[in-house]
Amino acid sequence: MGLPHGCHHPAGPAVLMGLGVSMACAVGALVAGAGVVAMALPGRPEPWPAHLMRRAAATAGWAAAAVYAMGFFAVLASESGFNDGANSVPAPACRDGFDPATIEGLSHHRSSYLPLRFDCVRDDGSVYSADSGYGWMNGASASLALSAALLAIGAGYASELRARKAAVTP
Numbered sequence: 511m512g513l514p515h516g517c518h519h520p521a522g523p524a525v526l527m528g529l530g531v532s533m534a535c536a537v538g539a540l541v542a543g544a545g546v547v548a549m550a551l552p553g554r555p556e557p558w559p560a561h562l563m564r565r566a567a568a569t570a571g572w573a574a575a576a577v578y579a580m581g582f583f584a585v586l587a588s589e590s591g592f593n594d595g596a597n598s599v600p601a602p603a604c605r606d607g608f609d610p611a612t613i614e615g616l617s618h619h620r621s622s623y624l625p626l627r628f629d630c631v632r633d634d635g636s637v638y639s640a641d642s643g644y645g646w647m648n649g650a651s652a653s654l655a656l657s658a659a660l661l662a663i664g665a666g667y668a669s670e671l672r673a674r675k676a677a678v679t680p
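Note that my numbering has the sequence shown beginning at 511, numbered continuously upward.
Any given hint could be a false lead.
For each label pair, taking beta carbons as the anchor points, the in silico distance ranges come out as [what the hints assert, rightly or not]:
#1 540 <-> 637: 33 to 41 Å
#2 607 <-> 672: 53 to 61 Å
#3 642 <-> 675: 37 to 45 Å
#4 659 <-> 615: 41 to 49 Å
#5 634 <-> 541: 43 to 51 Å
The hints are simulated quantities; they were obtained by calculation from the structure and are not laboratory data.
We put the CB at the ideal spot given by N, CA and C, even for glycine.
Between the sequences and the hints, there should be enough to build the whole structure, so can you do that?
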């Protein structure tokens, strides 16, 4: 997925902000991932299973945020390119890179931030996506967010189980 429509129009700041947010989230995921790898090294904290699950949850959470931020700002950039100056209606995201047969009869677009999408609608009601990347971004961010939640719940359960065993054992 390339940068939509360049950085010479109002979408430029949205794209740059999106790249910055996505980069920050990716760095967070790498730092959290390094914490997961550190669990294999000597001197790891006890109880290590709970720490490992917490760090893995943070990694998955940051990765979900990075993927979602990429898609969010791509939709925002496509939306901001619409109706902004000459040759901006219909939305450039629906026209750029498509053959004439695909864009024939293009009437309007629909966008959504949850789930991520920017759909182009023809006069006959048929729809095509302005970018096929939204599908994998939706799936990846949802899967990573679910994984983060399950790992965080598992870490809480492991800590609670350890505390209960410690209370029973004299």
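Status of the hints after comparison with the structure:
{"no.": "1", "hint": "540 <-> 637: 33 to 41 Å", "verdict": "holds (37 Å)"}
{"no.": "2", "hint": "607 <-> 672: 53 to 61 Å", "verdict": "holds (55 Å)"}
{"no.": "3", "hint": "642 <-> 675: 37 to 45 Å", "verdict": "violated (50 Å)"}
{"no.": "4", "hint": "659 <-> 615: 41 to 49 Å", "verdict": "holds (43 Å)"}
{"no.": "5", "hint": "634 <-> 541: 43 to 51 Å", "verdict": "holds (50 Å)"}
Hint compliance for this structure: hint 3 is the single one not met.
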